[in-house]
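Listed below are the residues making up each chain.
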Amino acid sequence: MSEKEVKNLEAIFEDKIARDEKIEPKDWMPEKYRQTHIRQISQHAHSEIVGMLPEGNWITRAPSLRRKVALLAKVQDEAGHGLYLYSACETLGVSREELYEQLHIGKAKYSSIFNYPTITWADIGAIGWLVDGAAIINQVPLCSTSYGPYARAMIRVCKEESFHQRQGYEIMMILANGTPEQKEMAQDALNRWWWPALMMLGPTDAESVHTEQSMKWKLKRKTNDELRQQFIDQTVPQADLIGLSIPDPDLKWNEETGHYDFGAIDWDEFWQVVKGHGPCNKERLNARVSAWEEGEWVRDAAMAYAKKQENIKLKKAI
Amino acid sequence: MKNDNLIQYIYSIADNALILGQRLSELCGHGPSLETDIGITNMALDLLGQTRSYFQYAAKLSEEDITEDDLAYLRTERQYRNVLLVEQPNRDFAYVITRQFLFDAFHLLLLQKLQNSADETLSAIAKKSIKEVSYHFRFSSDWVKRLGDGTDKSHAKIQDAVDNLWTYTDELFHNLGTDSELIEKGIAIDLTKLKEEYYNKIKEIISEATLSIPESKYFQKGGKKGIHTEHMGYLLADLQYMQRTYPNMKW
Chain A
7 MSEKEVKNLE
17 AIFEDKIARD
27 EKIEPKDWMP
37 EKYRQTHIRQ
47 ISQHAHSEIV
57 GMLPEGNWIT
67 RAPSLRRKVA
77 LLAKVQDEAG
87 HGLYLYSACE
97 TLGVSREELY
107 EQLHIGKAKY
117 SSIFNYPTIT
127 WADIGAIGWL
137 VDGAAIINQV
147 PLCSTSYGPY
157 ARAMIRVCKE
167 ESFHQRQGYE
177 IMMILANGTP
187 EQKEMAQDAL
197 NRWWWPALMM
207 LGPTDAESVH
217 TEQSMKWKLK
227 RKTNDELRQQ
237 FIDQTVPQAD
247 LIGLSIPDPD
257 LKWNEETGHY
267 DFGAIDWDEF
277 WQVVKGHGPC
287 NKERLNARVS
297 AWEEGEWVRD
307 AAMAYAKKQE
317 NIKLKKAI
Chain B
28 MKNDNLIQYI
38 YSIADNALIL
48 GQRLSELCGH
58 GPSLETDIGI
68 TNMALDLLGQ
78 TRSYFQYAAK
88 LSEEDITEDD
98 LAYLRTERQY
108 RNVLLVEQPN
118 RDFAYVITRQ
128 FLFDAFHLLL
138 LQKLQNSADE
148 TLSAIAKKSI
158 KEVSYHFRFS
168 SDWVKRLGDG
178 TDKSHAKIQD
188 AVDNLWTYTD
198 ELFHNLGTDS
208 ELIEKGIAID
218 LTKLKEEYYN
228 KIKEIISEAT
238 LSIPESKYFQ
248 KGGKKGIHTE
258 HMGYLLADLQ
268 YMQRTYPNMK
278 W
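These protein sequence lines map, in sequence, to chains A and B. Residue 7 is where the first sequence starts when you use the working numbering, and the numbers rise one by one after that. Residue 28 is where the second sequence starts when you use the working numbering, and the numbers rise one by one after that.
For the record, the hints were derived by calculation from the structure and aren't laboratory data. No false leads were slipped in.
Straight-line distance between alpha carbons at most 25 Å, and here's what the computed SDA-like set of lysine to any residue pairs gives:
hint	chain 1	residue 1	chain 2	residue 2
1	A	LYS319	B	PHE166
2	A	LYS313	B	ASP119
3	B	LYS277	A	LEU247
4	A	LYS314	B	ARG165
5	B	LYS277	A	PHE169
6	A	LYS115	B	LEU54
7	A	LYS322	B	THR178
8	A	LYS165	B	LEU61
9	B	LYS172	A	GLU316
10	B	LYS140	B	THR205
11	B	LYS180	A	GLU316
12	B	LYS180	A	MET309
13	B	LYS180	A	ILE318
14	A	LYS165	A	VAL242
15	A	LYS321	B	ASP179
16	A	LYS314	B	TYR162
17	B	LYS140	B	LEU203
18	B	LYS228	B	GLN142
19	A	LYS288	B	LEU54
20	A	LYS113	B	SER60
Please model the complete structure; the sequences and the hints are all you need to start from.
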């Protein structure tokens, strides 16, 4: 292709994005667009399946049958989200196996929040309320992102996430209105999950390397700091409503800005966890790797069986 | 108490669903592929949903002021009436599938009869559950065939699981001593009558999967009388943890 032709394709591509039209798998796209989307969509898919682990940790111990069924269904939804997102990613010319491989060798990242342990039942409430809450704020703008398969997957994901978020908040509400032990459990979970949840919205704008390009491609509509402020403004009144306190002595409503001011985030902790040294990074990755390795003989058997069946069909046809 | 026999009968059905549902839910997030993970979780969800229907009914029949959760979480090990088969651990995927297959084939036959029970609630629960359990049976039979007629390795693994779990199949057909009156009234099902059809069905699928049918005539029993395997205590420790640690609270 001549340089002029590429320029022409680029212009068509840029125009489409400017007009808010979707880019579809068969459309021409710049290599950087493809790579950025593979990185972000796969990271998102990995977050879904790694995210199954901390919550899965409480399925067998859920305190009532109703809660057990709801949690099981929630974790299953995450597996479903993983499926659509891997499929969306595959439309960019990469296989699910390759994506798993990148996760297993530590090359691909997933949301750092899942490297924190779930040590009490209230953590399941806190994850639904705060982690899914922050995820929704991150994800709602993606429903109108430029890459078609990703945008369509996100519409489904967001619907289910907002249901999960309400469910998590309801767990917290019951605990906060329960016995002193239950209220203490809820407050303790909020204390441990609050700051990691704020970190989920990503590094401050000054440190964020991908923001500018992502804004251009509508992979992002607001900066990390704007999203974080939105999350805080939305969540503080919810905590007040159920009588829990946000663990930030500097948190204060600012009449002038119309937003909450908040204390400094410990970014050293954030980078430590991102770099693989959080409380559960090793456990989470080991769990994924062993599920994959221990499942190899099962996948092989399914392939071998399918092949045999196909041969039988072929023979019959002849 | 007036409904005692019926309540015991309900336990003998519901506890199978609860304990197998609990076992399957241990696997959530650890399956060999996302698709099988979702499939296994579906079965766990169905079984736990069925458990809730049965226990809500048993709680209503009881003269005490109790809920489904009291029945699921606050009995002693000796009071659970599930068969030994369903409490067997998730050794590997071959065991998970074989346990499921051996149970599903029975479960489907039971529900087909139970939908005609003279007890309206049991009949309604059975009718609702049949669709779900037909799907479970298809899922587990398909996997028995895939693993049996897949690779040498998968063949050896599932043959081992079939050989080792076979010993728990006979107990599926034991009636509780207290069932006879309910059987006469057309409420409970005489399980001994399902046996022949069950073995014919599973032997057909095992053969189709190129596996051999175990010849052992020695069978284990006890679960239905509350005498469980050593695995059961650990399963209950997980299941009951919250209710035992924080009694009398709402969740």
